[in-house]
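K.L.:
Sequence:
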Amino acid sequence: MKILFAASECVPFIKTGGLADVVGALSKEIAKKGADIRVILPLYKGMDASFKDQLRHVCYFYIDLGWRHQYVGIETLEKDGVTFYFIDNQQYFGRDYIYGRGGDEGERFAYFAKAVLETLPKIDFIPDVISCHDWQTGLIPVLLKAQYRQLAMYENIRTTFTIHNLQFQGLYPISATEELLKLGDWAYSSDNLEFYGQCSFIKGGLVFADRITTVSPTYAQEILSPYYGERMDGLLRSRQSVLSGILNGIDTVEYDPARDPFIEKNYTPDTFDDKLPNKLALQKELGLKQDENAPLIAMVTRLSAQKGLDLVERVLDGIMNTGAQMVVLGMGESKYMDLFGWASWKYSGRLAASFQMNPALAHKIYAGADLFLMPSMFEPCGLSQMIALRYGTLPITRETGGLRDTVLSYNEYTGDGNGFTFFNYNAHDMLHVIERATGIYYNNRVQFDFLARRAMWGEYGWDKSADKYLELFGELCGVPQAQPIEEAPAPKPKKPRAKKAAPAQAETEPKAGPAAKAEPAPKKEAKPKKPKAVKLETADAPEEAPKKRAPRKKASESKA
0 MKILFAASEC
10 VPFIKTGGLA
20 DVVGALSKEI
30 AKKGADIRVI
40 LPLYKGMDAS
50 FKDQLRHVCY
60 FYIDLGWRHQ
70 YVGIETLEKD
80 GVTFYFIDNQ
90 QYFGRDYIYG
100 RGGDEGERFA
110 YFAKAVLETL
120 PKIDFIPDVI
130 SCHDWQTGLI
140 PVLLKAQYRQ
150 LAMYENIRTT
160 FTIHNLQFQG
170 LYPISATEEL
180 LKLGDWAYSS
190 DNLEFYGQCS
200 FIKGGLVFAD
210 RITTVSPTYA
220 QEILSPYYGE
230 RMDGLLRSRQ
240 SVLSGILNGI
250 DTVEYDPARD
260 PFIEKNYTPD
270 TFDDKLPNKL
280 ALQKELGLKQ
290 DENAPLIAMV
300 TRLSAQKGLD
310 LVERVLDGIM
320 NTGAQMVVLG
330 MGESKYMDLF
340 GWASWKYSGR
350 LAASFQMNPA
360 LAHKIYAGAD
370 LFLMPSMFEP
380 CGLSQMIALR
390 YGTLPITRET
400 GGLRDTVLSY
410 NEYTGDGNGF
420 TFFNYNAHDM
430 LHVIERATGI
440 YYNNRVQFDF
450 LARRAMWGEY
460 GWDKSADKYL
470 ELFGELCGVP
480 QAQPIEEAPA
490 PKPKKPRAKK
500 AAPAQAETEP
510 KAGPAAKAEP
520 APKKEAKPKK
530 PKAVKLETAD
540 APEEAPKKRA
550 PRKKASESKA
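So in numbering that gives the first Met the number 0, spot 10 of the sequence shown is number 9, and the numbers just go up one at a time.
Keep in mind that a hint or two might mislead.
Restraint ranges, calculated between C-beta atoms of paired labels, are given here [to be verified]: (1) E312 <-> G477: 46 to 56 Å; (2) T413 <-> S49: 47 to 57 Å; (3) D79 <-> T413: 36 to 46 Å; (4) Y98 <-> N320: 35 to 45 Å; (5) Q149 <-> R301: 18 to 28 Å.
Please keep in mind that the hints were generated in silico from the structure rather than gathered at the bench.
Here a beta-carbon is modelled for each residue, glycine too, at the ideal position from N, C-alpha and C.
Construct the complete structure from the given sequences, taking the supplied hints into account.
P.N.:
This is the structure we're talking about:
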(Lines of atoms letter the chains of each structure in order from A; the text may use other names.)
(Lines give C-alpha, C1' and ligand atoms only; values in the text may rest on other atoms or scores of the structure.)
Protein backbone atom coordinates (compact mmCIF):
# COMPACT_ATOMS: atom_id res chain seq x y z
CA MET A 0 0.00 0.00 0.00
CA LYS A 1 1.33 3.43 -0.99
CA ILE A 2 0.55 6.37 1.30
CA LEU A 3 1.41 10.06 1.01
CA PHE A 4 1.19 12.36 4.03
CA ALA A 5 0.69 16.01 3.07
CA ALA A 6 1.33 18.45 5.90
CA SER A 7 2.64 21.95 6.56
CA GLU A 8 5.16 20.84 9.20
CA CYS A 9 6.91 17.71 10.41
CA VAL A 10 9.56 16.86 12.97
CA PRO A 11 12.51 16.91 12.92
CA PHE A 12 12.55 19.40 10.04
CA ILE A 13 10.18 22.17 11.11
CA LYS A 14 7.82 22.49 14.07
CA THR A 15 5.44 25.01 15.60
CA GLY A 16 3.16 22.60 17.46
CA GLY A 17 1.81 19.09 17.93
CA LEU A 18 0.96 18.64 14.23
CA ALA A 19 4.66 18.27 13.44
CA ASP A 20 5.12 15.65 16.17
CA VAL A 21 2.20 13.59 14.89
CA VAL A 22 3.23 13.63 11.22
CA GLY A 23 6.84 12.77 12.01
CA ALA A 24 6.22 9.99 14.53
CA LEU A 25 3.19 8.40 12.82
CA SER A 26 4.87 8.19 9.41
CA LYS A 27 7.90 6.52 10.99
CA GLU A 28 5.73 3.95 12.76
CA ILE A 29 3.73 3.17 9.61
CA ALA A 30 6.99 2.66 7.69
CA LYS A 31 8.07 0.10 10.30
CA LYS A 32 4.94 -1.88 9.49
CA GLY A 33 5.97 -2.28 5.86
CA ALA A 34 3.89 0.34 4.04
CA ASP A 35 5.44 2.57 1.38
CA ILE A 36 4.83 5.88 3.08
CA ARG A 37 6.17 9.25 2.00
CA VAL A 38 5.69 12.76 3.34
CA ILE A 39 5.49 16.02 1.40
CA LEU A 40 5.80 19.46 2.98
CA PRO A 41 7.06 22.97 2.20
CA LEU A 42 10.78 23.72 2.23
CA TYR A 43 10.93 26.53 4.77
CA LYS A 44 13.83 28.89 5.22
CA GLY A 45 13.84 28.00 8.91
CA MET A 46 14.71 24.32 8.39
CA ASP A 47 17.96 23.38 10.08
CA ALA A 48 21.02 23.59 7.83
CA SER A 49 22.06 20.05 8.75
CA PHE A 50 18.95 18.76 6.96
CA LYS A 51 19.26 21.17 4.07
CA ASP A 52 22.74 19.82 3.41
CA GLN A 53 21.27 16.33 2.98
CA LEU A 54 18.69 17.34 0.38
CA ARG A 55 18.91 15.87 -3.10
CA HIS A 56 17.36 17.78 -6.00
CA VAL A 57 14.77 15.72 -7.89
CA CYS A 58 13.35 18.10 -10.47
CA TYR A 59 11.64 21.41 -11.02
CA PHE A 60 8.62 22.58 -13.02
CA TYR A 61 6.09 25.39 -13.12
CA ILE A 62 2.39 25.59 -12.27
CA ASP A 63 -0.21 28.20 -13.16
CA LEU A 64 -1.82 29.92 -10.19
CA GLY A 65 -4.20 32.47 -11.63
CA TRP A 66 -2.09 34.84 -13.71
CA ARG A 67 1.09 33.62 -11.93
CA HIS A 68 3.50 31.10 -13.43
CA GLN A 69 5.13 29.73 -10.28
CA TYR A 70 8.30 27.69 -9.79
CA VAL A 71 8.05 24.33 -8.01
CA GLY A 72 11.30 22.71 -6.95
CA ILE A 73 11.29 19.19 -5.52
CA GLU A 74 13.97 18.19 -3.01
CA THR A 75 14.13 14.91 -1.13
CA LEU A 76 15.86 13.00 1.63
CA GLU A 77 15.27 9.74 3.49
CA LYS A 78 15.11 9.38 7.25
CA ASP A 79 13.97 6.54 9.50
CA GLY A 80 12.68 4.54 6.54
CA VAL A 81 10.50 7.37 5.25
CA THR A 82 11.04 9.36 2.04
CA PHE A 83 10.42 13.07 2.51
CA TYR A 84 9.74 15.51 -0.33
CA PHE A 85 10.07 19.27 0.08
CA ILE A 86 8.36 21.79 -2.17
CA ASP A 87 10.74 24.66 -2.81
CA ASN A 88 9.47 28.13 -3.62
CA GLN A 89 11.34 31.02 -2.08
CA GLN A 90 8.54 33.51 -2.67
CA TYR A 91 6.13 31.55 -0.48
CA PHE A 92 8.35 29.63 1.96
CA GLY A 93 11.66 31.50 2.04
CA ARG A 94 10.49 33.69 4.92
CA ASP A 95 11.49 34.17 8.53
CA TYR A 96 8.19 32.76 9.77
CA ILE A 97 6.08 29.66 9.16
CA TYR A 98 2.53 30.98 9.45
CA GLY A 99 0.41 34.00 9.79
CA ARG A 100 2.27 37.25 9.26
CA GLY A 101 1.72 37.84 5.56
CA GLY A 102 -1.42 38.89 3.74
CA ASP A 103 -1.01 36.06 1.24
CA GLU A 104 -1.46 33.11 3.59
CA GLY A 105 -4.31 31.69 1.52
CA GLU A 106 -2.23 32.00 -1.64
CA ARG A 107 0.71 30.18 -0.05
CA PHE A 108 -1.30 27.09 0.81
CA ALA A 109 -3.45 27.13 -2.31
CA TYR A 110 -0.11 26.95 -4.14
CA PHE A 111 1.01 24.12 -1.85
CA ALA A 112 -2.17 22.08 -2.50
CA LYS A 113 -1.83 22.36 -6.27
CA ALA A 114 1.91 21.73 -6.19
CA VAL A 115 1.39 18.50 -4.23
CA LEU A 116 -0.94 17.06 -6.88
CA GLU A 117 1.27 18.22 -9.76
CA THR A 118 4.32 16.66 -8.09
CA LEU A 119 3.02 13.07 -8.08
CA PRO A 120 3.79 12.10 -11.71
CA LYS A 121 7.11 13.98 -11.56
CA ILE A 122 8.36 11.77 -8.72
CA ASP A 123 6.81 8.62 -10.19
CA PHE A 124 4.73 7.98 -7.09
CA ILE A 125 0.96 7.66 -7.37
CA PRO A 126 -0.29 6.87 -3.86
CA ASP A 127 -3.30 4.78 -2.98
CA VAL A 128 -4.17 7.29 -0.25
CA ILE A 129 -3.27 10.92 0.36
CA SER A 130 -3.54 11.69 4.06
CA CYS A 131 -4.11 15.44 4.51
CA HIS A 132 -3.49 17.20 7.81
CA ASP A 133 -5.24 20.38 8.96
CA TRP A 134 -6.50 23.37 7.00
CA GLN A 135 -3.25 24.00 5.14
CA THR A 136 -3.92 20.86 3.07
CA GLY A 137 -7.72 21.15 2.93
CA LEU A 138 -7.81 22.11 -0.77
CA ILE A 139 -6.04 18.92 -1.90
CA PRO A 140 -9.22 16.76 -1.82
CA VAL A 141 -11.11 19.61 -3.53
CA LEU A 142 -8.64 19.95 -6.40
CA LEU A 143 -8.33 16.18 -6.75
CA LYS A 144 -12.06 15.72 -7.28
CA ALA A 145 -12.66 18.89 -9.28
CA GLN A 146 -9.66 19.04 -11.62
CA TYR A 147 -7.57 15.86 -11.48
CA ARG A 148 -9.90 12.90 -11.00
CA GLN A 149 -10.62 12.56 -14.73
CA LEU A 150 -6.92 11.86 -15.41
CA ALA A 151 -6.12 8.14 -15.38
CA MET A 152 -3.21 8.35 -12.95
CA TYR A 153 -5.35 10.14 -10.34
CA GLU A 154 -8.65 8.29 -10.67
CA ASN A 155 -8.02 5.72 -7.94
CA ILE A 156 -6.44 7.98 -5.33
CA ARG A 157 -8.43 8.19 -2.10
CA THR A 158 -8.09 10.91 0.54
CA THR A 159 -8.35 11.23 4.29
CA PHE A 160 -8.45 14.48 6.22
CA THR A 161 -7.26 14.68 9.83
CA ILE A 162 -8.50 17.45 12.12
CA HIS A 163 -5.77 18.40 14.55
CA ASN A 164 -7.54 21.54 15.78
CA LEU A 165 -10.91 22.60 14.39
CA GLN A 166 -10.47 26.14 15.67
CA PHE A 167 -8.00 26.94 12.88
CA GLN A 168 -10.01 26.93 9.64
CA GLY A 169 -8.11 28.82 6.94
CA LEU A 170 -10.69 31.47 6.01
CA TYR A 171 -9.90 33.61 2.96
CA PRO A 172 -11.88 35.70 0.44
CA ILE A 173 -13.79 33.67 -2.13
CA SER A 174 -12.74 36.03 -4.93
CA ALA A 175 -9.04 35.59 -4.11
CA THR A 176 -9.31 31.80 -3.96
CA GLU A 177 -11.21 31.61 -7.23
CA GLU A 178 -8.69 33.87 -8.94
CA LEU A 179 -5.95 31.43 -7.92
CA LEU A 180 -7.58 28.05 -8.60
CA LYS A 181 -10.40 28.62 -11.15
CA LEU A 182 -12.73 26.13 -9.49
CA GLY A 183 -15.96 27.73 -10.68
CA ASP A 184 -18.98 29.14 -8.89
CA TRP A 185 -20.25 25.69 -7.86
CA ALA A 186 -17.34 25.35 -5.41
CA TYR A 187 -18.46 28.28 -3.25
CA SER A 188 -21.97 27.16 -2.39
CA SER A 189 -22.84 26.68 1.28
CA ASP A 190 -22.58 22.90 0.98
CA ASN A 191 -19.06 23.13 -0.44
CA LEU A 192 -16.39 25.73 0.43
CA GLU A 193 -18.44 28.78 1.41
CA PHE A 194 -18.43 29.54 5.13
CA TYR A 195 -20.09 32.74 6.36
CA GLY A 196 -19.14 34.59 3.19
CA GLN A 197 -15.59 33.31 2.93
CA CYS A 198 -13.78 30.31 1.50
CA SER A 199 -12.89 27.80 4.23
CA PHE A 200 -9.88 25.63 3.45
CA ILE A 201 -10.65 23.23 6.30
CA LYS A 202 -14.19 22.82 5.00
CA GLY A 203 -12.68 21.61 1.73
CA GLY A 204 -11.16 18.69 3.58
CA LEU A 205 -14.31 18.02 5.61
CA VAL A 206 -16.59 18.00 2.56
CA PHE A 207 -14.45 16.38 -0.11
CA ALA A 208 -12.22 13.85 1.70
CA ASP A 209 -13.32 10.21 1.60
CA ARG A 210 -12.74 9.77 5.34
CA ILE A 211 -12.32 12.23 8.22
CA THR A 212 -10.33 11.49 11.35
CA THR A 213 -9.60 13.40 14.52
CA VAL A 214 -6.81 12.83 16.99
CA SER A 215 -8.79 11.29 19.84
CA PRO A 216 -12.07 9.38 20.24
CA THR A 217 -13.57 11.89 22.67
CA TYR A 218 -12.78 14.87 20.43
CA ALA A 219 -14.50 13.06 17.55
CA GLN A 220 -17.67 13.09 19.64
CA GLU A 221 -17.24 16.57 21.09
CA ILE A 222 -17.00 18.33 17.71
CA LEU A 223 -20.48 17.09 16.82
CA SER A 224 -21.83 19.55 19.41
CA PRO A 225 -22.11 23.35 19.02
CA TYR A 226 -19.88 24.01 22.04
CA TYR A 227 -16.85 22.31 20.48
CA GLY A 228 -17.87 22.28 16.82
CA GLU A 229 -16.62 25.78 15.90
CA ARG A 230 -19.75 26.32 13.74
CA MET A 231 -18.85 23.17 11.77
CA ASP A 232 -20.89 20.80 13.95
CA GLY A 233 -23.80 20.57 11.50
CA LEU A 234 -21.48 19.59 8.65
CA LEU A 235 -19.67 17.10 10.85
CA ARG A 236 -22.92 15.49 11.98
CA SER A 237 -23.88 15.09 8.32
CA ARG A 238 -20.58 13.25 7.73
CA GLN A 239 -20.59 11.34 11.00
CA SER A 240 -20.62 8.00 9.16
CA VAL A 241 -17.10 8.67 7.81
CA LEU A 242 -15.74 10.36 10.96
CA SER A 243 -13.60 8.51 13.48
CA GLY A 244 -11.19 9.34 16.28
CA ILE A 245 -7.77 7.71 16.56
CA LEU A 246 -5.70 8.62 19.58
CA ASN A 247 -2.31 10.19 18.99
CA GLY A 248 0.83 8.77 20.52
CA ILE A 249 4.27 10.12 21.32
CA ASP A 250 7.72 9.21 20.09
CA THR A 251 8.83 6.91 22.90
CA VAL A 252 12.43 6.98 21.66
CA GLU A 253 12.74 10.76 21.86
CA TYR A 254 10.85 10.88 25.14
CA ASP A 255 12.53 8.18 27.18
CA PRO A 256 13.70 9.09 30.69
CA ALA A 257 15.99 6.04 30.68
CA ARG A 258 18.04 7.45 27.77
CA ASP A 259 17.17 11.13 27.49
CA PRO A 260 20.43 13.04 26.86
CA PHE A 261 18.97 16.38 28.02
CA ILE A 262 18.17 15.49 31.62
CA GLU A 263 20.41 15.52 34.68
CA LYS A 264 20.10 11.83 35.51
CA ASN A 265 18.38 9.04 33.63
CA TYR A 266 15.89 6.88 35.48
CA THR A 267 13.28 4.14 35.08
CA PRO A 268 10.31 3.04 37.17
CA ASP A 269 12.65 0.67 39.02
CA THR A 270 15.14 3.47 39.75
CA PHE A 271 12.53 6.14 40.43
CA ASP A 272 14.61 7.74 43.19
CA ASP A 273 16.92 8.96 40.42
CA LYS A 274 14.17 11.36 39.33
CA LEU A 275 15.00 13.61 42.31
CA PRO A 276 18.34 14.93 40.95
CA ASN A 277 16.44 16.18 37.91
CA LYS A 278 14.14 18.19 40.15
CA LEU A 279 17.00 19.73 42.09
CA ALA A 280 18.92 20.56 38.89
CA LEU A 281 15.83 22.17 37.35
CA GLN A 282 15.20 24.25 40.46
CA LYS A 283 18.80 25.47 40.39
CA GLU A 284 18.75 26.27 36.65
CA LEU A 285 15.52 28.28 36.88
CA GLY A 286 16.38 30.12 40.09
CA LEU A 287 13.89 28.32 42.31
CA LYS A 288 14.62 27.38 45.89
CA GLN A 289 16.12 23.89 45.95
CA ASP A 290 13.56 22.07 48.05
CA GLU A 291 12.86 18.42 47.38
CA ASN A 292 9.79 18.51 49.63
CA ALA A 293 7.97 21.26 47.70
CA PRO A 294 5.75 19.81 44.94
CA LEU A 295 6.83 21.26 41.60
CA ILE A 296 3.96 21.97 39.17
CA ALA A 297 4.87 22.45 35.50
CA MET A 298 3.23 23.81 32.38
CA VAL A 299 4.82 23.41 28.93
CA THR A 300 2.27 24.99 26.65
CA ARG A 301 1.27 27.50 24.04
CA LEU A 302 0.19 30.56 26.02
CA SER A 303 -3.39 30.99 24.81
CA ALA A 304 -6.90 31.00 26.22
CA GLN A 305 -7.54 27.53 24.79
CA LYS A 306 -5.04 26.12 27.28
CA GLY A 307 -7.12 27.18 30.29
CA LEU A 308 -4.76 29.92 31.41
CA ASP A 309 -7.64 32.17 32.45
CA LEU A 310 -8.41 29.54 35.12
CA VAL A 311 -4.82 29.68 36.31
CA GLU A 312 -4.94 33.49 36.39
CA ARG A 313 -8.13 33.41 38.50
CA VAL A 314 -6.71 31.20 41.28
CA LEU A 315 -2.94 31.66 40.99
CA ASP A 316 -2.70 32.87 44.59
CA GLY A 317 -4.58 29.77 45.73
CA ILE A 318 -2.21 27.51 43.79
CA MET A 319 0.83 29.12 45.38
CA ASN A 320 -0.80 28.95 48.83
CA THR A 321 -0.51 25.15 48.63
CA GLY A 322 3.23 25.60 49.13
CA ALA A 323 3.97 24.34 45.63
CA GLN A 324 6.52 25.72 43.22
CA MET A 325 5.61 26.36 39.59
CA VAL A 326 7.45 26.52 36.28
CA VAL A 327 5.98 27.69 32.96
CA LEU A 328 7.57 27.28 29.52
CA GLY A 329 5.96 28.57 26.33
CA MET A 330 5.20 31.44 23.99
CA GLY A 331 1.95 33.05 22.92
CA GLU A 332 -0.44 35.82 23.84
CA SER A 333 1.12 38.86 25.53
CA LYS A 334 -1.63 38.82 28.18
CA TYR A 335 -0.36 35.54 29.60
CA MET A 336 3.30 36.39 29.17
CA ASP A 337 2.63 39.49 31.26
CA LEU A 338 0.76 37.39 33.84
CA PHE A 339 3.56 34.89 34.38
CA GLY A 340 6.25 37.57 34.14
CA TRP A 341 4.55 39.41 36.98
CA ALA A 342 4.00 36.18 38.93
CA SER A 343 7.68 35.23 38.69
CA TRP A 344 8.45 38.58 40.37
CA LYS A 345 5.77 38.25 43.05
CA TYR A 346 6.70 34.65 43.85
CA SER A 347 10.44 34.98 43.31
CA GLY A 348 12.18 31.71 44.10
CA ARG A 349 8.93 29.79 43.86
CA LEU A 350 7.66 30.49 40.32
CA ALA A 351 9.75 30.66 37.15
CA ALA A 352 8.59 31.48 33.61
CA SER A 353 10.53 31.15 30.37
CA PHE A 354 9.00 32.54 27.17
CA GLN A 355 10.72 30.57 24.44
CA MET A 356 10.58 27.37 22.41
CA ASN A 357 13.32 25.32 24.03
CA PRO A 358 13.05 21.52 23.52
CA ALA A 359 16.01 20.77 25.79
CA LEU A 360 14.49 22.75 28.67
CA ALA A 361 11.12 21.08 28.03
CA HIS A 362 12.72 17.65 28.53
CA LYS A 363 14.27 18.85 31.79
CA ILE A 364 10.89 20.13 33.00
CA TYR A 365 9.10 16.86 32.19
CA ALA A 366 11.77 14.98 34.14
CA GLY A 367 12.09 17.40 37.06
CA ALA A 368 8.47 18.27 37.85
CA ASP A 369 6.16 16.32 40.16
CA LEU A 370 2.85 17.46 38.64
CA PHE A 371 1.91 18.69 35.17
CA LEU A 372 -1.00 21.14 34.88
CA MET A 373 -3.10 21.08 31.68
CA PRO A 374 -6.55 22.65 32.32
CA SER A 375 -7.51 23.12 28.66
CA MET A 376 -10.82 24.63 27.56
CA PHE A 377 -10.66 22.05 24.78
CA GLU A 378 -7.87 19.72 23.71
CA PRO A 379 -8.16 17.66 20.51
CA CYS A 380 -5.59 15.22 21.84
CA GLY A 381 -2.65 16.74 23.64
CA LEU A 382 0.79 15.20 23.74
CA SER A 383 2.21 16.93 26.80
CA GLN A 384 0.16 14.90 29.26
CA MET A 385 1.43 11.65 27.70
CA ILE A 386 5.03 12.87 27.80
CA ALA A 387 4.53 13.80 31.46
CA LEU A 388 3.14 10.34 32.22
CA ARG A 389 6.11 8.78 30.44
CA TYR A 390 8.42 10.71 32.79
CA GLY A 391 6.45 9.89 35.95
CA THR A 392 5.12 13.43 36.30
CA LEU A 393 1.46 13.10 37.24
CA PRO A 394 -0.91 15.22 35.11
CA ILE A 395 -3.68 17.46 36.45
CA THR A 396 -6.08 17.86 33.53
CA ARG A 397 -9.58 18.86 32.59
CA GLU A 398 -11.71 16.03 31.22
CA THR A 399 -11.94 17.03 27.57
CA GLY A 400 -10.79 15.58 24.26
CA GLY A 401 -7.65 13.50 24.36
CA LEU A 402 -7.02 14.45 28.00
CA ARG A 403 -10.11 12.46 28.89
CA ASP A 404 -8.89 9.51 26.84
CA THR A 405 -5.46 9.36 28.44
CA VAL A 406 -5.71 10.52 32.07
CA LEU A 407 -7.82 8.64 34.62
CA SER A 408 -8.30 10.39 37.95
CA TYR A 409 -6.83 8.65 40.98
CA ASN A 410 -9.45 6.78 43.02
CA GLU A 411 -8.22 6.34 46.57
CA TYR A 412 -10.68 3.50 47.23
CA THR A 413 -9.89 1.24 44.26
CA GLY A 414 -6.35 2.47 43.59
CA ASP A 415 -7.12 3.10 39.92
CA GLY A 416 -5.81 6.14 38.10
CA ASN A 417 -2.73 7.77 36.65
CA GLY A 418 -3.35 11.43 37.43
CA PHE A 419 -5.91 13.95 38.68
CA THR A 420 -8.82 15.42 36.72
CA PHE A 421 -11.77 17.82 36.92
CA PHE A 422 -14.74 18.16 34.56
CA ASN A 423 -16.29 21.64 34.68
CA TYR A 424 -14.39 24.53 33.14
CA ASN A 425 -14.17 26.26 36.50
CA ALA A 426 -11.17 27.76 38.25
CA HIS A 427 -12.09 26.59 41.73
CA ASP A 428 -12.81 23.05 40.55
CA MET A 429 -9.27 23.07 39.19
CA LEU A 430 -7.89 24.52 42.42
CA HIS A 431 -9.63 21.83 44.46
CA VAL A 432 -7.95 19.11 42.40
CA ILE A 433 -4.54 20.82 42.70
CA GLU A 434 -5.02 20.93 46.46
CA ARG A 435 -5.93 17.24 46.44
CA ALA A 436 -2.86 16.30 44.40
CA THR A 437 -0.45 18.33 46.51
CA GLY A 438 -2.10 16.97 49.66
CA ILE A 439 -1.33 13.41 48.58
CA TYR A 440 2.23 14.51 47.77
CA TYR A 441 2.68 15.92 51.28
CA ASN A 442 0.78 13.32 53.31
CA ASN A 443 1.05 10.04 51.39
CA ARG A 444 4.29 10.19 49.46
CA VAL A 445 4.49 6.40 49.17
CA GLN A 446 1.21 6.31 47.23
CA PHE A 447 2.14 9.39 45.18
CA ASP A 448 5.41 7.81 44.06
CA PHE A 449 3.63 4.54 43.33
CA LEU A 450 1.19 6.35 41.01
CA ALA A 451 4.10 8.08 39.28
CA ARG A 452 5.97 4.83 38.76
CA ARG A 453 2.84 3.14 37.46
CA ALA A 454 2.26 6.01 35.04
CA MET A 455 5.72 5.40 33.59
CA TRP A 456 4.74 1.86 32.70
CA GLY A 457 1.84 3.02 30.53
CA GLU A 458 1.85 2.53 26.76
CA TYR A 459 1.97 5.88 25.00
CA GLY A 460 3.57 5.02 21.67
CA TRP A 461 2.18 4.89 18.13
CA ASP A 462 2.04 1.14 17.57
CA LYS A 463 -1.69 0.55 18.03
CA SER A 464 -2.71 3.87 16.50
CA ALA A 465 -0.61 3.16 13.41
CA ASP A 466 -2.46 -0.14 13.02
CA LYS A 467 -5.75 1.72 13.09
CA TYR A 468 -4.61 4.19 10.44
CA LEU A 469 -3.41 1.33 8.24
CA GLU A 470 -6.75 -0.42 8.71
CA LEU A 471 -8.53 2.79 7.66
CA PHE A 472 -6.30 3.26 4.61
CA GLY A 473 -6.77 -0.39 3.69
CA GLU A 474 -10.57 -0.07 3.80
CA LEU A 475 -10.41 2.93 1.50
CA CYS A 476 -8.34 1.25 -1.20
CA GLY A 477 -9.55 -2.34 -0.72
CA VAL A 478 -6.31 -3.73 0.69
CA PRO A 479 -6.91 -6.38 3.40
CA GLN A 480 -4.79 -5.91 6.49
CA ALA A 481 -3.09 -8.79 8.27
CA GLN A 482 -4.30 -9.31 11.81
CA PRO A 483 -1.56 -8.68 14.37
CA ILE A 484 -0.36 -11.71 16.30
CA GLU A 485 -1.37 -11.47 19.92
CA GLU A 486 1.56 -11.78 22.28
CA ALA A 487 1.27 -13.76 25.47
CA PRO A 488 0.49 -11.38 28.31
CA ALA A 489 3.35 -10.56 30.63
CA PRO A 490 2.93 -11.48 34.32
CA LYS A 491 1.17 -8.75 36.24
CA PRO A 492 3.58 -6.72 38.40
CA LYS A 493 2.76 -6.36 42.06
CA LYS A 494 2.39 -3.24 44.13
CA PRO A 495 5.33 -2.70 46.54
CA ARG A 496 4.51 -3.91 50.05
CA ALA A 497 4.95 -1.77 53.12
CA LYS A 498 7.18 -3.20 55.83
CA LYS A 499 4.23 -4.06 58.12
CA ALA A 500 2.27 -5.77 55.40
CA ALA A 501 1.40 -9.44 55.52
CA PRO A 502 3.57 -11.87 53.50
CA ALA A 503 3.19 -11.29 49.75
CA GLN A 504 0.52 -13.27 47.96
CA ALA A 505 -0.65 -13.41 44.36
CA GLU A 506 -2.20 -10.13 43.36
CA THR A 507 -5.90 -10.06 42.65
CA GLU A 508 -8.13 -7.47 41.07
CA PRO A 509 -9.22 -4.78 43.57
CA LYS A 510 -12.55 -5.42 45.25
CA ALA A 511 -15.33 -2.87 45.68
CA GLY A 512 -15.30 -0.82 48.85
CA PRO A 513 -12.75 1.35 50.63
CA ALA A 514 -9.16 0.21 50.57
CA ALA A 515 -6.97 0.14 53.65
CA LYS A 516 -4.84 3.17 54.32
CA ALA A 517 -1.33 3.13 52.89
CA GLU A 518 1.34 1.69 55.17
CA PRO A 519 4.78 3.21 55.75
CA ALA A 520 7.33 3.03 52.96
CA PRO A 521 9.22 -0.25 52.46
CA LYS A 522 12.79 -0.54 53.69
CA LYS A 523 15.44 0.78 51.41
CA GLU A 524 16.95 -2.68 51.00
CA ALA A 525 13.77 -4.11 49.56
CA LYS A 526 13.83 -3.65 45.81
CA PRO A 527 10.39 -2.44 44.69
CA LYS A 528 8.64 -4.65 42.23
CA LYS A 529 7.37 -3.36 38.94
CA PRO A 530 3.96 -1.69 39.41
CA LYS A 531 0.86 -2.57 37.53
CA ALA A 532 0.83 -1.00 34.07
CA VAL A 533 -1.86 1.40 33.05
CA LYS A 534 -2.27 0.61 29.37
CA LEU A 535 -3.24 3.41 27.04
CA GLU A 536 -5.69 2.03 24.51
CA THR A 537 -6.42 3.73 21.22
CA ALA A 538 -9.79 3.48 19.60
CA ASP A 539 -12.13 4.51 16.85
CA ALA A 540 -15.05 4.89 19.23
CA PRO A 541 -15.40 6.62 22.58
CA GLU A 542 -16.34 3.49 24.45
CA GLU A 543 -12.66 2.57 24.55
CA ALA A 544 -11.81 5.62 26.64
CA PRO A 545 -10.47 4.94 30.15
CA LYS A 546 -12.69 2.55 32.04
CA LYS A 547 -15.45 3.64 34.39
CA ARG A 548 -15.98 6.78 32.36
CA ALA A 549 -18.60 7.06 29.64
CA PRO A 550 -18.19 9.96 27.18
CA ARG A 551 -20.19 13.01 28.10
CA LYS A 552 -21.99 14.94 25.39
CA LYS A 553 -20.47 18.33 26.25
CA ALA A 554 -18.72 20.14 29.02
CA SER A 555 -20.24 22.79 31.20
CA GLU A 556 -19.81 26.23 29.75
CA SER A 557 -19.59 27.97 33.11
CA LYS A 558 -16.45 29.78 34.07
CA ALA A 559 -15.26 31.01 37.39
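K.L.:
Indicate, hint by hint, whether the structure satisfies it.
P.N.:
Now for the hints, and whether the structure bears them out:
1. E312 <-> G477: 46 to 56 Å: holds (53 Å)
2. T413 <-> S49: 47 to 57 Å: Because 50 Å falls inside the window, the suggested range holds.
3. D79 <-> T413: 36 to 46 Å: holds (41 Å)
4. Y98 <-> N320: 35 to 45 Å: holds (39 Å)
5. Q149 <-> R301: 18 to 28 Å: violated (42 Å)
Of the numbered hints given earlier, the model fails hint 5 alone.
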